[in-house]
Every structure is written in C-alpha cells, then in structure tokens.
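Protein chains in written order, with this note's numbering: chain V, 17 to 543; chain L, 245 to 788; chain A, 13 to 423.
Worth flagging that the hints you see were computed from the coordinates, not collected in a lab.
Ideal Cβ positions, reconstructed from N, Cα and C, are used throughout, including at glycine.
There may be inaccurate statements among the hints.
The list that follows gives simulated cross-link-like pairs (lysine-lysine, PhoX-like), each with its CA atoms no further than 25 Å apart [stated by the list, open to error]:
1. V:Lys184 / L:Lys430
2. V:Lys268 / V:Lys425
3. V:Lys425 / L:Lys656
4. L:Lys773 / L:Lys445
5. L:Lys608 / L:Lys257
6. A:Lys235 / A:Lys169
7. L:Lys754 / V:Lys501
8. L:Lys430 / V:Lys311
9. L:Lys774 / L:Lys445
10. V:Lys501 / L:Lys406
Take a look, some chain A residues computed to stay more than 10 Å from chain L by CB distance [said to hold, decoys possible]:
11. Ala135
12. Pro203
13. Asn313
14. Arg378
So the derived label-pair ranges between C-beta atoms look like this [to be verified]:
15. V:Tyr260 / L:Leu492: 17 to 25 Å
16. V:Ile514 / L:Pro512: 25 to 33 Å
17. V:Ile514 / A:Gly406: 50 to 58 Å
18. V:Lys184 / L:Gly513: 55 to 63 Å
19. V:Phe391 / L:Ala409: 52 to 60 Å
20. A:Asp276 / L:Asp755: 47 to 55 Å
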Amino acid sequence: MDQRPVSEGGGTPNWHLSAPASGQAQGLVVSGFASLPTGRALFLELGWKGVKKKGGGAWVEALRKVAQVTDADGRDPRAVAMGFTWSGLQKMGLNANALASFDRPFQEGMFQEDRLRRLGDRRGEEWQGTVIPGGPKWSGNTPLDDAAVDDEARAFDDRQEIREQRIKTPVTVHAIVLLYCEHDEAAEAWCEEVSAALAPFEVTVSHHLPLDLRLDKQGIAREHFGFADGISQPIPFETGTVVYKDGTNVPKDYWNGVPLGEILMGHMNGHNEIAQGPVVAASAGNTDGLPDHPKGVGFKDLGLNGSYMVVRELKQDVYAFWQSMRVAAAHIRERDPEGSAHVTTTWMAERVVGRDTHGNLLCPLGTIPVENNDFGFWDNDRHGMGCPLGSHVRRANPRDGLAPTPADKQTLLDAANNHRILRRGRKYGKTISVPPTPDEVDRGLLFVCLNTDITRQFEFVQQTWILNPNFATLYDETDPLIGPKGTMTIPEDPLRRIIDVETFVQMAGGEYFFLPSIPALNYLGSL
Amino acid sequence: MRQTTLSVALEVKPESFDHLSGLLDALRDRRSPNPSGGTGPFADFLTTVPAVHFMSLSVFPGFDYDPLFVIEANFDGAPGPFWGQLETAIGPDLRSFLRCCKRPLDHTGDLFDAVTAPDSRAPIAPYLEARTLTPTVYHHGNRGMTRDRILAEGELFLGTRKELANANDGGPSPYRKLTPVEIHAKLRAALLPQFGWLAEKAPARIPFLQSVGDYARLAWFVLLVVFALSIPGLILKSQLAWQYYAGLCVALFALFTGILYKMGKPLPGTATPTRFSFLTFFLRHLLVPVVIAVAVYVAIAAFITAPVWSWIGHKPFWPAWWDMAIWAGWSGASIAVTVAGILVWLRWLERRDASQDAPPVDPKMLREMARREDWIPQNHMGSVVLIKPGVLRAILIRVGHHGLHLLLRAQKAARNGYLGSMRTIHFAHWARVNNDSRLMFFSNFDQTWESYLDDFIEKAHAGLTLAWSSGVGFPPTRFLVKDGASHGRQFKEWARHSMTVSRFWYSAYKDLTAEQVERNYRIALGLRKKQLSEKEAAAWINDL
Amino acid sequence: MNALTSRDVLRPGKKGLARWIEGRVFAAMPYAFAFFRRWKPVVKFGGMTLTSRYDDVKQVFATDPVFGAPYKPKLDVIMGGEPFFLGMADTPLYHRDTDAMRMVVLPKDLPELGRRAEAMAEAIVAAAPGRIEVVDTLVRRVTFSVLADYFGVPEPKGGDLRVWGTRLFEFQFADPKGDPALRADVDQIAPALRAHIDAEIAARKATPGRDDVLTRCLALQKKGVPGFSDVEIRTNLMGFIVGGPPQPPMVVPQAMEQLLRRPDALAGAQAAARAGEDDLLWGYVQEAMRFDPLAPGLPRNVLVDGVIARGTSHETPVQAGDTVLAAFASAMMDPRRVTDPARFDPHRPASNYIHFGYDLHQCFGRHINRATLHFMLKPLLKRANVRRAPGGAGRLVKNGPFAESLTVVFD
C-alpha cells in the first residue's frame with residue numbers, strides 16, 4: 017500500500033499500520049489506491065422521511081455485500097471507502113447522545129454560516145467568487161442546531177432574537193462511497209450493481225463523479241492544470257502501530273512526521289492529547305464489537321481508528337488559468353522588456369504553484385527534485401526568490417518558512433506540522449485539449465483529506481495559510497491558485513513583481529464526513 | 245508617544261444583563277458588522293475618537309459573580325482626552341450602559357448617581373476615570389506607533405504600490421532597470437509631493453527617557469526581589485556563626501533539591517514533550533543577570549546599612565561597610581535555598597491543584613462568538629478566570645505579573661512586538677477584577693482565534709502557562725511553565741470557557757496586521773531618508 | 013452725537029494706563045484659568061461662580077433646566093418685547109422657531125457663502141498694495157456684506173449696518189455692567205433697525221427680490237407655515253444681524269494674530285491655503301481661535317438650586333439666582349480632556365472645541381461660520397511673505413472684548 021503519488025519514485029519506504037489497527041482502519045487511511053487508477057465517487061441520499069427508529073443501517077450491510085469497505089491490512093483487487101455526514105447518521109437513527117459526541121465542525125456541517133465565512137466561501141448573504149455561480153450543488157444540508165438561535169425564555173430578557181440562516185443546497189448528501197478499480201467499464205458496472213443493491217432501501221445516488229488518476233506517459237498523475245499532484249504528505253508515527261513492511265517502527269520523520277493521532281482518532285495527537293472521537297452508550301444497540309471508551313464509563317468508543325474526511329468538489333477552469341498566466345507573463349514582459357526573457361506562460365504558472373510541472377520544487381538556483389521531501393524553506397529560500405512566498409505550496413505547508421529568526425526555525429516547523437492533512441483527492445472530468453481551449457466540460461478535483469481535528473487541521477490550513485491575506489507578511493493577496501481573483505507577489509532581486517490572477521477554482525459542493533473504522537461501520541450497519 | 249491600555253470593569257445588575265447585551269448589540273448593529281466604522285453612524289468614529297486604536301465593550305455573564313461589564317480601550321496619549329472623545333462619540337449610549345450597572349459601594353457611588361440619574365446631563369468621563377483599572381501586564385505589538393502614524397504609513401505603502409505599478413503605464417516600468425539605491429531615490433522623489441511628511445524627521449517610537457524608565461524600573465524590581473529572597477538568610481546569619489549557617493544552607497538546599505527531584509516529575513498522564521529546560525534556561529539567560537543582581541544588591545545594601553552600623557558599632561565607614569557587605573553576601577548565598585524552598589511549596593500546591601479536564605462550554609455563547617469573529621484579518625478576545633487561592637499564589641501572581649510586565653517593557657524582542665516567535669498581537673493586557681479575585685485578559689490580535697491560541701500552544705506555551713497558570717481549572721502545570729498550555733484542546737476549551745462575546749469591538753485599521761504595520765514603518769523609515777547606502781537599500785527593498 | 017449716523021463701529025475705548033491694565037488682565041487670564049483648573053475648579057467671586065474645567069463647562073451648557081441663558085431682558089429691549097429663540101428655555105416655541113429658521117437657512121447655501129466670502133476677500137486683498145488692515149478693512153466688510161446680503165437686509169439709508177449691529181451686539185453680550193451711554197445708543201438704534209427691516213419686508217411683498225433668507229421666509233408665510241408672521245420674520249432677521257456678523261471681526265483677526273505668533277503654524281496655514289486644502293485650513297483657523305476665542309466664557313443664570321460637578325471632589329452647590337460663568341476659553345485649554353493643550357495642532361477632534369457653546373443654545377450660525385471664517389483669511393494667507401506691519405500697527409489692538417485693528421504686510 018502506499019500513500020505517495022505514483023509520480024514519486026520515492027526513496028522512503030511506505031508506512032503501514034500494524035494489527036489490530038490495520039484490520040480496523042479503512043484502507044483509505046493508509047493508501048490512495050494508486051494501483052487502481054479509476055474509480056467513482058457516489059454521493060448517497062437516504063430517501064426516507066424523518067429518522068428511522070430501527071433498520072436505518074440495513075442499507076450499509078447490503079452495500080457492503082457488493083462493495084466491501086476495504087481495511088488497511090493489504091492490497092485488494094478493488095477498494096472501497098465510505099463516510100457519513102452528520103445528517104446521514106441522524107437519519108440512520110444513531111442515538112442523539114452519540115450524535116452530540118462528534119467534533120463540533122462535523123456536527124455543525126461545513127455549510128454553517130460562520131464556517132463558510134472562515135472557509136472563504138460565503139460572507140453574509142453572498143456566495144464568494146470561489147464558489148460556482150448560484151451556490152454549491154450539494155452538501156449534507158445539516159439542520160440548524162440548538163445553538164443557532166437563543167430562544168430560551170428568561171425573565172428580564174428583551175433582546176432581539178438573532179436567527180441564524182440555514183444554508184441549503186439542492187442536493188443532499190448523507191453518505192459518500194468511493195469505489196476504486198482497475199478500468200472504467202468495471203467501474204461503471206460496479207456502480208450499477210451498487211445502485212441496484214441500494215434501491216430497495218430507499219437509498220439513491222444523488223450525485224456522482226468519475227474519479228481518475230490518468231497517468232501520463234512519464235507515469236505522473238497530473239491534476240487538470242497539468243501539474244504533478246499529491247506530493248508531500250505527512251508521515252504518521254506511533255510506536256507499535258505505524259510500521260514498515262518488515263514490522264519495524266516508523267521513526268518520527270524530522271520534516272514531515274506527525275503523531276498518528278493527527279490522522280486516526282483514539283491515538284496521541286500533536287497537542288499531546290488523545291484525538292477525540294465519538295462515543296456511544298454501551299446499552300445503545302449491538303455495541304459488542306466496539307472497544308470500551310477509555311474515560312467514559314459505560315460507553316463504547318465509536319471513533320477509535322476512524323477519522324474525519326473533508327470532501328470538497330473543486331471545479332477547475334483550465335482555460336482561464338492558462339489564459340491568465342499568459343496575460344500576466346505578457347504584462348511582465350511589457351513592463352520589463354529587457355529583464356524578462358525567461359518569463360513565459362509556464363514560468364508564470366510554476367510561480368503560482370511553487371513547483372514545476374513535474375513536481376520539482378522551485379529554488380533560487382535550480383529545483384529540489386520531487387522525490388526529496390526533506391527540506392525547509394528558511395535555509396533554501398527564505399525570501400521566496402525561487403518558490404514565491406505566496407505560492408500554493410508554501411501556503412499549503414509553510415514548513416519552517418514563517419520563522420522570524422533562525423533560532424525559531426525548529427519551533428515554526430514543529431508548529432506547522434500540527435496543521436497537516438492527509439490528502440486523498442482525485443481528479444474528475446475529461447482532460448482538456450492541448451493547447452487549452454474554452455469548453456463546457458465539468459472537470460476538477462474531488463478534494464478529499466483526512467484529519468482528526470477539523471478546526472486545527474483542515475480549517476486552519478484553509479483560513480490561516482491558504483486564504484490569509486497577510487500570510488508571510490504579504491498584503492491583500494491569497495492563494496493564487498485556489499483563492500479568489502486578486503494579486504500575487506513574486507519576489508525577485510532587486511524588485512518584486514506583482515501580477516494579477518483570476519479565479520480558477522470554484523467549489524461545487526462539500527461536506528465533512530465521518531470515516532468510521534470497520535468495527536464502527538459494523539455498528540452503524542446494525543442500526 | 246505614550247500609549248495607554250486600560251479597562252473599566254463594572255458590576256452589572258443581574259436583571260439588566262440581557263438588556264445591556266442587547267444595547268451593546270444595537271450599538272454594534274448601527275455600525276454594521278465591519279469593526280472599523282463601516283457605513284453607519286460609526287463611520288465618523290475614526291475622526292471623533294482619533295486617539296483610539298482598538299476598543300471593545302463586552303459583558304461577562306455571571307457564574308460565580310454578578311455579570312461584569314467591561315470597557316477595554318487602547319489609545320494614544322493620556323486617558324482624559326480619550327474619555328472626552330469617547331463621550332462625544334457615544335455619550336448617551338454609555339450612559340444607558342452605566343444605568344444597567346450596580347451602584348458601586350466605594351467612594352464613587354455619588355458620582356455614579358450623578359451620571360445615571362434620570363435626565364442626568366453630568367459628564368460621564370469622570371466616573372469612568374474613577375473606575376479605571378490599571379493593567380497588571382500589558383503588551384503592545386507596535387509600540388510607540390500612534391494611530392495617525394499607522395494610518396499615514398499605511399497610505400504611504402499603498403502609494404508605493406500604486407507608483408510602482410503605474411509609473412509609465414502601458415510601457416516599460418522605469419523602476420525595473422534601477423539598482424535598489426536608485427529605486428529608493430526615484431520612489432522618494434515620486435512620493436514626496438503627495439506625502440510631504442517624508443521630509444520630516446521620524447518621531448522616536450520610544451523616547452529615550454521612557455527607555456531609561458523601563459530599564460530602571462526593571463532593575464529596581466530585581467533588586468527588591470533579591471532583597472526579599474535574602475531576608476531569611478539575613479535573619480539566620482545574624483543568629484548563627486558562619487559554619488552553622490553555611491552548613492544549614494547546604495543541608496536545606498540538598499533536602500529541597502532532593503524533594504524537588506522526586507516531586508518534579510509530572511503527574512501520570514500530564515507530561516508533554518517540551519524543548520524548554522530549566523537548567524539550560526538558567527545557565528543561558530539567568531545565571532549572569534542573577535550573579536550581577538546579587539552583587540549589586542550586596543554593594544547597595546552595604547552602603548545603605550553601613551552608616552547605621554558605623555554609628556551603632558562606633559566603627560569607621562569602610563570597615564562598617566565591609567561588615568555589612570559580608571552579612572549581605574552570606575544572605576545572598578542563601579537565595580538559592582530560599583528559591584528551592586519556594587519551589588517545593590509551589591510544586592506541593594501544583595500536585596494538588598484541581599485542573600478542569602473538560603471545562604463546560606456553552607454552545608450558544610460559542611456561536612455568538614463565532615458570529616462576530618473572522619470578518620476581518622484581526623480578532624478580539626476577552627476572558628475572565630478565577631484566581632487560585634492561597635498565600636503563595638497571591639504573592640506569585642502579583643510579583644510574577646509585575647515582573648513580566650516590566651520585562652515586556654524592557655526586553656528587546658518584546659519592545660519590538662514579539663512574544664516568543666510571534667508578532668500577532670496589537671494590544672493585550674491582564675488586570676485583576678472583583679477585589680483581585682479574578683483575572684481578566686483582553687487581546688486584539690491578527691488572524692483567527694484558533695491560530696492565535698495554537699500559536700501560544702505551539703510557540704509560547706511556557707510564557708502563557710506562566711501568566712495564566714494561576715487561573716482556577718487551568719490544565720496541570722509543572723513549576724509554573726511546563727505542561728499546562730501544551731495540552732492543546734484542553735487549554736483551548738478552558739480559554740473558550742472563560743471567554744465572553746465581544747459584542748462591540750472597534751479597530752481603527754482593520755486591514756493592517758501588526759507585521760504589516762512594522763513593514764510599513766520600515767518602508768516609511770527608508771523613504772524618509774534622502775539617501776540609502778547600498779546595504780540599507782538592499783534590506784529596505786525587500787519590504788516593498 | 014447721533015448713534016444712527018455714526019461711522020465709528022466701536023465706541024471709544026479706554027485710554028492710557030486703563031487700557032494697558034485692561035490688556036494685562038486679558039493677557040493674564042489663561043494663567044489664572046490654569047491656576048483655577050488645578051486648585052479651585054469651581055470658584056465663587058461675589059455673585060458669580062466661575063467654572064474652568066472642560067467637564068464642568070460642558071455640564072453647565074448641557075444642563076439648561078438649571079443653568080438658563082441670561083439673554084432675555086436685553087433681547088426684549090432690542091426686539092421691542094418680541095420673543096427671540098436665543099432668550100427662550102427648552103420650550104416648544106424654542107423648537108418651533110429654530111426649526112422654522114432651519115427651513116430658510118439651508119445647508120446647501122453654505123458652499124456658496126464660502127465662495128462669496130473668499131471672492132470678496134480676494135478682491136479686497138488684491139486691491140491692497142501689500143499692506144492690509146485685517147479687522148475692519150478685510151473681515152468686517154466681508155462678513156457684513158456677505159451675510160446681510162444672504163439674509164436680505166440692505167444697508168439702512170443714512171446709517172451703517174456694521175455700526176448698528178455691533179452696537180446692539182455689545183449691549184446684548186458685552187455690557188455686563190449696563191453702560192447708560194450704550195443704552196441710549198441702543199434706544200435709538202433698535203427701533204430704527206426694526207423699522208428698517210419692517211420696511212424691507214413691506215417692499216419685498218410689493219416687489220419680490222431674489223432668493224435670500226427673507227424671500228424664503230415670505231414664501232413660507234404665504235404657505236401659512238407657523239412662525240413666519242411679519243413680526244416673527246423681523247425678529248429673527250434682527251437676531252441674525254445682531255448675533256451673527258459682529259462676531260467674525262472679533263475672532264478672525266484674533267486667529268490671525270495667533271498665527272502670526274507661531275511661524276510654523278502660519279506656514280502650515282499658508283501651505284493649506286495655497287494647496288486649496290480648505291478643511292485643513294479650517295483646522296488651522298479653528299485651532300488658532302482656541303488660543304484666543306470670542307470671550308473667556310458665557311454667563312448662565314441659575315434657575316433652580318443645583319450642583320456643579322456632583323460626586324467629584326470639587327462638587328459645588330449653586331443657588332437659584334446665582335450667575336455662573338462657563339469659561340469655555342479655559343475648558344479648551346484643560347489638559348484633562350484636551351491633549352497637550354499648549355501645542356498648536358490643526359488636526360484636533362471636534363470635541364476639543366467649544367467655540368460655539370454646546371447643546372441647547374449652541375451657536376445657530378456655527379455652520380455658516382464653519383463655511384466662511386477660513387475663507388476670509390484664505391486670500392491673504394495665499395500671499396507670499398505675510399508678516400506683521402512694522403511698529404504697533406502690526407500687533408492686534410483690542411478695545412475691550414473687541415478686536416480693533418491688526419495690520420499685516422505681504423509681498
């Protein structure tokens with residue numbers, strides 16, 4: 017199994033989970049299933065009205081008969097991953113107390129008003145430019161919770177009630193099933209099989225996306241803009257649990273090591289605590305397969321070896337991207353005819369990403385090859401003369417680059433590693449023609465990442481790094497690749513250049529999913 | 245220029261708590277969610293209250309006490325003019341807020357009556373002045389930068405961008421072929437007509453006398469602490485021959501360190517890895533200052549007491565001075581024993597402190613906070629916690645906070661706005677309220693609340709633990725600085741639990757982070773100079 | 013001598029030693045105020061209570077039910093017994109009358125008034141050969157011409173509006189002891205001015221004039237809006253003439269004198285004038301006025317027993333019948349509320365200034381002043397090398413509270 021993109025040759029051996037975690041965690045945790053280049057994302061809607069008191073999980077069992085959810089203990093010919101939204105778990109009849117034990121962001125859903133503002137999707141009444149026109153197509157449509165409005169009656173209360181807005185999407189998603197297999201026809205047939213198995217339970221596929229690795233001739237998986245994807249992942253460590261193939265412990269990787277609790281619930285995380293997961297009362301149904309909760313007496317641990325999966329469907333406008341790069345490069349050449357012979361459209365695009373199209377990191381002199389992920393920014397490129405300060409890769413993982421002095425390098429690297437996510441996304445939609453021409457094809461990235469503390473990991477990365485207008489002492493600019501229209505600074509000796517960038521990536525739907533462990537999945541199936 | 249950070253904490257009539265919250269919300273709504281004035285009647289806040297940088301109005305709900313209404317303000321100059329300006333801006337609102345508060349029981353009661361009487365037209369400022377709390381610790385991220393200077397230099401920064409982007413629009417940029425020195429000269433010439441103040445000398449951010457005061461106060465404080473710690477030694481040495489005294493000191497020191505070695509280990513399940521080591525910290529940062537402080541103390545103490553001794557003992561001055569110096573010197577040597585003893589006492593308390601593993605957080609409060617956060621790149625938090633009881637804690641919080649305060653004024657990094665490796669705070673302060681039984685904290689910071697607290701957890705947990713570990717329920721600590729805030733989620737929940745909704749919050753420069761203010765400052769400082777050397781220009785141009 | 017045909021705007025002032033002493037007393041006042049602010053913020057002299065701190069002065073102005081404006085008796089003499097809003101308490105009639113006047117004195121007129129003041133001042137300065145007298149030649153001429161024209165009150169035949177208005181102003185506001193000679197003048201001038209305005213109203217009814225305040229009043233009278241009877245129109249116009257134009261010739265030359273004392277401030281004001289930064293120029297003029305405002309303070313009559321600065325360490329009771337002097341000149345120099353008051357700072361917030369009083373009887377003409385005062389100086393300030401004329405003429409001479417002359421030269 018591997019967690020690295022196929023495009024990386026990679027000198028570092030891959031990490032694995034040891035038993036019993038390997039039999040409990042879903043395979044998606046340890047692998048992106050690179051050997052299974054095609055796949056489908058099925059977004060399921062539970063069709064019944066209200067909450068099922070009994071039998072709400074029967075469809076899960078039926079589904080697993082045709083698409084067994086893969087565990088983490090070895091390679092399978094086909095692979096399946098599965099997650100649930102909060103609204104899905106509620107509909108399936110999960111105990112209300114158990115529902116209340118999930119992480120706050122998961123309970124509130126990605127489309128809670130304030131969260132959308134923090135994620136840069138919506139401000140007040142307005143969807144932002146980084147969302148498809150008319151608003152996203154799908155979400156969990158999580159209902160408003162008790163905190164949304166303070167309608168408790170109190171003596172001496174004359175305040176006006178502030179009623180929170182419920183933001184709904186046309187399509188409701190209660191669960192997601194990711195299917196991975198070797199070729200497209202098999203995938204199509206498999207999808208039909210799954211749909212047929214679900215139909216009797218009033219479960220429908222409300223939305224689906226064909227997923228694809230689509231390796232090019234050099235064996236590199238590229239996203240639609242043409243850049244090698246899936247580079248630089250965190251490497252978890254935990255003595256006795258995270259091991260190499262030969263059974264020896266994976267040591268803490270200096271540059272990219274994160275405690276396993278950053279990815280799997282129930283393990284020690286980067287903040288010196290056991291990553292919290294949901295719990296369920298031992299008396300609530302058939303909980304025999306679940307381990308006891310370490311602190312809650314009389315409760316079972318529903319979270320151990322599970323994770324939270326962030327999913328965002330990001331539509332890419334490839335033509336606009338390259339067009340914008342062309343305009344920006346032309347503008348630089350116009351303003352600096354003598355010093356800009358090297359400024360081509362591709363050069364421009366590479367500055368926006370921070371790597372060249374093959375994935376090699378840009379440096380002031382030459383590049384750092386894609387296989388090498390053991391580097392910091394401070395020593396190589398403190399001022400961003402090679403890899404611009406505001407480029408996508410620096411924003412997505414600043415490593416030690418935000419340190420104000422050399423003495424702070426270590427602290428800043430450690431701090432940055434407390435905000436890592438394990439990415440499991442794949443692209444969807446047809447590859448655009450070369451050279452790109454405008455077309456109506458829906459293409460993009462199904463962004464999928466795993467983390468245990470959504471606020472501290474995914475949301476932090478999105479808000480404090482990617483969309484932070486003041487990242488790395490820049491001013492009024494955000495991620496040039498996936499952020500809204502704006503500017504980007506390209507440091508250069510002696511004088512920086514500033515280019516205009518457009519919006520190229522738009523969110524078409526998204527939600528937080530619970531990625532249960534196999535025992536937890538069994539329990540949900542027994543509901 | 246002098247800058248003031250202060251707060252006014254007033255107990256609220258419990259029956260008026262909700263009403264007051266509503267009034268504050270209404271005040272905020274009249275200004276739209278934008279905390280820098282927006283478009284409503286508060287657009288002129290910038291001109292009517294030109295002194296203010298950041299200001300907040302919030303009410304802490306009552307759990308252990310009645311609710312507390314707090315005005316927090318950070319502004320240029322002395323408090324008097326600020327209060328006058330604020331009263332001009334929102335006088336009638338302030339009066340209606342005060343009417344929701346309890347009549348104070350001290351000498352300010354009559355003033356309260358005068359201000360809150362029906363139809364009262366008495367000025368409010370005197371009452372607010374009389375009720376002002378002095379912070380125990382405060383920190384300024386852009387020390388000495390007046391609001392007008394921050395705004396003017398912000399304009400200048402935008403001016404540089406415009407000039408660089410638009411000079412010879414449509415053709416080659418005239419700046420691209422120049423050296424940094426030439427770019428500086430050309431840019432200065434282009435901007436001077438619009439920014440005439442570039443020709444003026446930059447005012448000093450921290451005037452010389454203020455700096456002298458900062459250092460002198462810290463030195464005086466250190467000497468007092470050394471004296472206090474040496475008192476047991478002074479007494480013992482006066483009663484014992486030096487052999488017995490030395491023997492006792494060594495024996496006690498061995499005993500205390502032995503106990504500390506046993507007790508110093510973390511309680512099961514509370515240890516967190518840290519790079520912070522007492523021994524390295526002591527050897528690297530403390531040993532030399534401590535030795536110097538003790539030596540200076542001995543010399544000064546001898547000078548002060550020598551005349552008395554020479555009079556009593558009928559000795560000439562210098563022999564008397566020498567006797568006294570020996571006495572003080574012996575007591576100085578005992579400081580290590582005293583400190584070890586205090587640490588034993590502290591650790592004994594820490595091992596029995598009740599920490600709160602899961603502080604209750606009201607989801608509704610949390611949502612109300614979330615509703616007001618993250619509209620601009622800056623955010624605000626206010627928190628109140630109970631202070632742990634006991635003599636030692638009472639002394640530590642006073643001495644510790646005062647020392648921290650003086651250190652933040654004198655330490656080079658802190659004077660430059662840094663706390664540890666971060667410069668994300670504009671204004672923050674601590675103050676004790678409710679007859680010193682609670683500790684209040686306010687901060688106006690850059691980025692999000694989560695990133696702010698994560699910064700503390702990941703980059704400055706020792707300092708934060710030191711400042712907050714006196715709070716009831718704080719995660720378990722070791723020797724005041726270890727563990728504690730390193731328990732990330734537990735600490736964050738504890739912090740959220742202690743916080744209240746920042747109902748009204750105003751920022752005078754919403755787009756400017758503390759780092760950006762410094763960046764603008766560096767750019768402006770360069771542009772004020774007629775000519776830069778090559779080296780200066782090379783450093784300066786990185787900020788453009 | 014006949015007051016009606018007099019051409020002397022100011023009555024002869026004190027001479028010799030008496031004048032010198034008067035000058036010293038005025039010059040010492042800021043120091044006395046500083047002393048009182050620090051040691052005795054509320055101090056009683058005979059029947060008068062002086063308040064010198066910012067807070068207390070504002071409290072006195074704001075608390076009109078206790079501290080009433082003392083203007084009514086003398087207004088009755090001027091207006092022939094007709095009520096004018098300056099003499100009223102916070103009554104419905106007060107609000108009706110001020111609201112009525114806000115229907116005819118409109119914010120949209122202000123820019124034009126500023127332009128007219130500037131144009132006329134420019135003409136006067138242009139006609140002067142490098143030397144100009146600021147009080148009468150420049151400011152008084154501009155003020156009376158522009159404002160009388162705006163109100164719609166022409167020069168009386170055989171008389172001089174500047175003399176009439178200023179004399180009545182002196183009687184109303186600057187005659188605490190009640191000089192019988194002045195009263196004799198007023199008894200001639202007041203009925204004459206009333207008759208003059210009545211005649212103008214009658215004439216306008218016959219042949220309507222162009223758009224000015226009087227024309228607007230008559231239009232509203234036609235519509236039947238209350239507050240616009242002939243007598244009411246006359247009273248208000250008289251109030252404007254008496255209360256308005258006599259003041260700029262006092263404060264504007266005083267401001268100029270303060271600028272001349274501070275070369276940096278003068279240079280700044282000139283730069284603002286030349287650059288056309290009118291708001292900044294206003295900042296300079298307003299700040300200069302703070303160092304020598306219209307008067308040290310304004311009197312108020314205590315109507316019911318009350319307390320000044322209640323709850324503070326200097327709380328002082330006052331009894332009905334007392335007179336309180338709210339020393340706004342001192343308040344604007346109070347370091348407790350005004351940052352670094354001795355520093356000349358053209359960027360101060362508006363709350364630092366109490367030139368126009370505060371609350372109920374805040375100057376009705378403050379917006380007109382805000383729109384015109386700085387324009388009266390602007391053309392002069394634009395000139396190069398503006399400086400004092402040599403000798404005594406180059407210093408501001410005062411006659412009692414009135415500025416009498418100040419001559420400046422320029423290139």
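Tested hints:
For the hint linking Lys184 (chain V) to Lys430 (chain L), the alpha-carbon distance of about 55 Å lies beyond 25 Å, and the restraint is violated. With a CA separation close to 18 Å, the supplied pair Lys268 (chain V) and Lys425 (chain V) stays within the 25 Å bound. For a cut-off of 25 Å, the pair hint linking Lys425 (chain V) to Lys656 (chain L) stands: about 19 Å separates their Cα positions. Using a Cα cut-off of 25 Å, the hinted pair Lys773 (chain L) and Lys445 (chain L) holds, with the two alpha carbons roughly 9 Å apart.
Distance hint between Lys608 (chain L) and Lys257 (chain L) is fulfilled; the C-alpha atoms sit about 22 Å from each other, no more than 25 Å. A C-alpha spacing of about 31 Å is found between Lys235 (chain A) and Lys169 (chain A), which places the hinted pair above 25 Å, so the restraint is violated. A hinted pair counts as satisfied when its Cα atoms are at most 25 Å apart, and Lys754 (chain L) with Lys501 (chain V) qualifies at roughly 21 Å. Proposed proximity of Lys430 (chain L) and Lys311 (chain V) is contradicted: the alpha carbons are some 68 Å apart, above 25 Å.
At roughly 11 Å between alpha-carbon atoms, Lys774 (chain L) and Lys445 (chain L) fall within 25 Å of each other, so this suggested pair holds. This hinted pair checks out: Lys501 (chain V) and Lys406 (chain L) have alpha carbons roughly 18 Å apart, not beyond 25 Å. For Ala135 (chain A), the non-interface assignment is confirmed: its Cβ lies about 31 Å from the closest Cβ of chain L, beyond the 10 Å cut-off. Every beta carbon of chain L lies more than 10 Å from that of Pro203 (chain A), the smallest distance being close to 39 Å; the non-interface claim holds.
Separation of Asn313 (chain A) from chain L is adequate, the least Cβ-Cβ distance of about 17 Å exceeding the 10 Å criterion. Here Arg378 (chain A) stays apart from chain L, with its beta-carbon at least about 15 Å from theirs, past the 10 Å limit. Checked against the hint of 17 to 25 Å, the C-beta distance between Tyr260 (chain V) and Leu492 (chain L) comes to roughly 58 Å, which is inconsistent with it. Range check, Ile514 (chain V) to Pro512 (chain L): Cβ separation about 55 Å, and the 25 to 33 Å hint is violated.
Between Ile514 (chain V) and Gly406 (chain A), the C-beta spacing of about 56 Å keeps the proposed range 50 to 58 Å intact. The supplied range of 55 to 63 Å is broken by Lys184 (chain V) and Gly513 (chain L), whose beta-carbon atoms lie about 44 Å from each other. Between Phe391 (chain V) and Ala409 (chain L) the CB atoms are about 33 Å apart, so this pair departs from the stated range of 52 to 60 Å. Between Asp276 (chain A) and Asp755 (chain L) the beta carbon distance is about 33 Å. The supplied range of 47 to 55 Å is therefore violated.
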